[in-house]
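Visitor: Sequence:
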Amino acid sequence: MRAAVQVFHEQGVEKTTLGDIARAADVPLGNVYYYFKTKDLLVEAAVDAHCEQLDALTAELAALPDPADRLKALVAGWVDQRETAARFGCPFGTLATELDKRDDGLDRAAAKVMRALLDWVESQFAQLGRVDAAALAVELVAAYQGMSVLTNTLRDPGVMATQGERLLSWIDGIAGR
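Residue numbers for the sequence shown, in our numbering: 2 to 178.
Please keep in mind that the hints were generated in silico from the structure rather than gathered at the bench.
Predicted, not measured: the structure shown is a model, and the values here were computed from it.
Think of the CB as a built atom: it goes at the ideal place given N, C-alpha and C, for glycine as much as any other residue.
Careful, some of the hints might be misleading.
[Said to hold, decoys possible] Below, in silico cross-link-like pairs of lysine-lysine (BS3-like), each with a Cα-Cα straight-line distance of 25 Å or less:
#1 113 - 102
#2 38 - 113
#3 16 - 40
#4 102 - 40
#5 102 - 16
#6 16 - 113
#7 102 - 38
#8 113 - 40
#9 38 - 16
[Said to hold, decoys possible] Pairwise CB distance ranges, derived in the manner of DEER restraints:
#10 50 - 70: 23 to 31 Å
#11 167 - 65: 19 to 27 Å
#12 20 - 127: 33 to 41 Å
#13 26 - 128: 17 to 25 Å
#14 104 - 38: 42 to 50 Å
#15 104 - 132: 30 to 38 Å
Taking the hints into account, I'd like the entire structure generated from these sequences.
Guide: The following block contains the structure:
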């Protein structure tokens with residue numbers, strides 16, 4: 002599954018074959034077909050893997066005592082991936098954008114993962130006492146997706162580093178620091 006997530010991120014769903022995934026996973030093609038009869042089933046599993054990664058990340062961030070610190074750690078994690086973003090874009094954002102062009106239900110599956118991220122970010126802003134938590138969540142996630150697109154388009158990880166610093170300051174301002 003990790004190989005599928007990586008190859009879909011690097012090549013896109015449409016350009017990826019099950020053979021590409023088998024090579025990346027270093028397994029025979031028959032093994033991929035045994036578990037995933039179609040590429041769509043593998044894409045669906047990749048979306049589920051992104052959801053599991055988000056759940057693991059938010060569980061890890063929950064150990065931090067303060068919601069502002071959790072949000073800043075989320076942003077710092079995004080910025081840490083700036084070299085990857087410069088080459089391939091946001092791992093989930095690029096997949097969600099590609100799946101949105103389809104009308105087979107995978108677009109709605111991807112929306113669930115993005116909604117889970119928005120809900121978690123909103124809950125952090127709500128814990129900071131913000132009545133505008135939903136709007137702030139959209140602003141933060143949209144800022145990340147935007148800086149990912151610019152970082153990728155310009156092939157400049159510095160864009161993400163600079164914008165990440167701005168987001169960290171923005172969070173501090175919202176938290177009254």
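Visitor: Find the hints from earlier in the document that the structure breaks and name them by number, from lowest to highest.
Guide: Structure breaks hints 12, 13 and 14.
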